[in-house]
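Those sequence lines, one after another, are chains A and B.
Just so we're aligned: the first sequence equals residues 28 to 196 in this note's numbering.
Just so we're aligned: the second sequence equals residues 1245 to 1491 in this note's numbering.
Hints are computed from structural coordinates only; laboratory data are not their basis.
Given the structure is predicted, the values throughout are model-derived calculations rather than measurements.
Keep in mind that a hint or two might mislead.
Claimed, not checked - Pairs of lysine-lysine residues, derived as BS3-like cross-links and limited to a Cα-Cα distance of at most 30 Å, are as follows:
1. K157/A to K1326/B
2. K159/A to K1405/B
3. K130/A to K1391/B
4. K1315/B to K130/A
5. K87/A to K1391/B
6. K1459/B to K130/A
7. K180/A to K157/A
8. K1326/B to K97/A
9. K1405/B to K87/A
10. K1405/B to K157/A
11. K119/A to K180/A
12. K97/A to K1405/B
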Amino acid sequence: MLRDMEPADIAGGAFKEARLTYFDGASRIVRYTDVEVPFPEGRLIVSCTDVPGMITQANKAFVDMSGYSKEELIGAPHYILRHPDMPRAAFKGLWDTLARGEKWTGYVKNLRKDGAYYWVFATVIGNVRKGKLVGYTSVRRKPSRTRIDECAKLYPTLFAPGEREGYSP
Amino acid sequence: MTHTFTVSPDFPPARISGWFIFNTWLQRRLEAAIHLELYDDFVRQRADIAAGRIDLIYANPYDAALLVREKGFVPVARPRDKADEAIIAVPAASAVQRVEDLRPGARIASTDDPDVRTMGMIMIEPADLSAANTAAVACGNYVLVAKALLSGTADAGFFLKQSFEELSEVTRRQLRQIVESHIYVVHHALMAGPRLAARRDEIRDALLGMDQDAKGRDILANLGLAGWDELDEEATEFMIDLMDTLT
């Protein structure tokens, strides 16, 4: 179970707070700032999870960009990166797409341990071994600024009524 | 029975003799007749893979899915400390300083090397560029990619990092790298086909021991390799999944 984000971990001064409730019913307070960390040139962020979504592998770019140590990431749910500006609707279709055996792609704003954020163009596929789904691989790459700007305008309009209860003003 | 060995066509021409020497060494180690078949392009090589004519291959990562999932190849070894990375370069005097300076209609020179092309296309995405709004300039090898840039027939070029670094000093000075991939986990792989699968461990042992004697190290040096590491099924499946996310 994830703990609330610690104010001491947040870089810079002012931050906002939100209580996020995840798909499995877990809930925690996240603290976040308006600081964007640019996606590093030429890198891919790669992680793998088991079927329930717990991180089993994380490459160096993932560790560097998330701000968490590898030890903190392995075994944690992938939603540790979920930013409060990402509406549930933005992920709609992810699980349906994966269940059909297809790959899912989307633009995602991720939350770092220090409260800053970074945008990615994410692709997720199921790992099928001997005909059986054993987990998922997610690869994130540098997105275009045009698409980021489009998503930054679109995503706030996708929150369901009440979805942002628990967010600080 | 004579087996057929082939090498991903993206190797530098200067390594041709090295692969023939490697093949001779391998035949002696395995006490097997192995014919080395080299191809100028991926299309002809893939046609022979599809026709079941290949028994052993030093494969481009892009072809790993076809080989493992459709043709029943088993991974044997990967080149030690040698990942495939791509570079995008422009003429040294170009106004383009970073990928985002490239504009729709940009002429992009590349070879038919599929993993480098895949990585190159990914690295131009942040400029809202894709195959649909750029003009491809097809080149037979990386020297010709450099020539396309120097002659002004291309605005940017995709290079395998190693091939870029092996360009002559004079050529490289006239080019400027604007971005380099740091993916680390995409690499070539030596794989055995169904007719050699039973000898997979024997081939692995021969390859992993190559750097243990002077002759083996000479052969490796001629191929530009430091040695071989074992490549298991799961590591190969991981790379296949990863390539799948990129295409």
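Numbers of the earlier hints that this structure fails to satisfy, in rising order:
2, 3, 5, 6, 7, 10
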